Amino acid sequence: MKRKDGFIVRQIADQNVAVAVGEASRTFRGMIKLNDTGLMIWNLLEDDITENGIVAALTERYEVDDETARADVRRFIAVLAEAGIVE
Amino acid sequence: MPILSEVIGSGGEFELYPRGTSMLPLIREGRDSVILISPDSPDVGDIVLYRRAGGQYVLHRIVGCEGELFTMCGDNQTKVERGIAVGQIIAKVKLLKRDGRTVDCESAEYRKWVKKWLNMTYRRVGLLRYRVSKKLGLRGHDE
Numbered sequence: 001m002k003r004k005d006g007f008i009v010r011q012i013a014d015q016n017v018a019v020a021v022g023e024a025s026r027t028f029r030g031m032i033k034l035n036d037t038g039l040m041i042w043n044l045l046e047d048d049i050t051e052n053g054i055v056a057a058l059t060e061r062y063e064v065d066d067e068t069a070r071a072d073v074r075r076f077i078a079v080l081a082e083a084g085i086v087e
Numbered sequence: 001m002p003i004l005s006e007v008i009g010s011g012g013e014f015e016l017y018p019r020g021t022s023m024l025p026l027i028r029e030g031r032d033s034v035i036l037i038s039p040d041s042p043d044v045g046d047i048v049l050y051r052r053a054g055g056q057y058v059l060h061r062i063v064g065c066e067g068e069l070f071t072m073c074g075d076n077q078t079k080v081e082r083g084i085a086v087g088q089i090i091a092k093v094k095l096l097k098r099d100g101r102t103v104d105c106e107s108a109e110y111r112k113w114v115k116k117w118l119n120m121t122y123r124r125v126g127l128l129r130y131r132v133s134k135k136l137g138l139r140g141h142d143e
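Line order of the protein sequences matches chains R and L.
This note's numbering numbers the first residue of the first sequence as 1 and each following residue consecutively.
This note's numbering numbers the first residue of the second sequence as 1 and each following residue consecutively.
It should be emphasised that the hints constitute simulated quantities derived from the structure, not laboratory data.
Mixed in with the good hints, there may be bad ones.
Quick list of in silico lysine-lysine cross-link-like pairs, DSS-like style, CA-CA up to 27 angstroms [what the hints assert, rightly or not]:
1) K94(L) x K4(R)
2) K116(L) x K94(L)
3) K33(R) x K97(L)
4) K116(L) x K79(L)
5) K4(R) x K33(R)
6) K97(L) x K112(L)
Small disclaimer: the values here were computed from a predicted structure and weren't measured.
Bound conformation, chain R alone (with noise of 0.2 angstroms):
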């Protein structure tokens, strides 16, 4: 899976966010929290890749095991998902 273009991550009072702009913005209207993990799978997604690819880059850097991150990732997907973002 891989994240749509016309986003972009800024920082608003030390809270990374993500906005639509360009053609995307005219569908998506509002911003996305990101935490560091967040931004991690955020960041990761710019590139086509697996689940399995995320959860493997999360247990690597992250002390977590593979079924704890698997389900945040999961989550985190899902919410990008309904906000037509990842495809």
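Given the coordinates of chain R, assemble chain L onto it according to the supplied hints.
Showing chain L alone in chain R's frame:
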């Protein structure tokens, strides 16, 4: 606001939930939102987001222009603000949103309403002046 400028500068749209009472009855805080786009060529009747010399961001309607400068006034205000340069205008309202309904600010119906509203504003100001002057005893009660 830099994000808003960035989104609009990219040719995008930005949804803003305006605060305050100066655009009542059209825009009510907490109920209504506006979709902002690049202002291209702002015109009388447009609701625009602009930045005052003091740095404050304001969403008001253009009610007139004098040469290159615009005159602004909130729908709920009677005192106009003159001398706003086109460079101070960041965005203009394309759509009004209320309870899932939208009003297109370019539609003929809305523009007709705006024209009426702008005319009415002057009458409203006149009425207010009349009331105040009456209260102050500057006019007779039988007038």
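Checklist entry - Any of the earlier hints contradicted here, and which numbers? => result none
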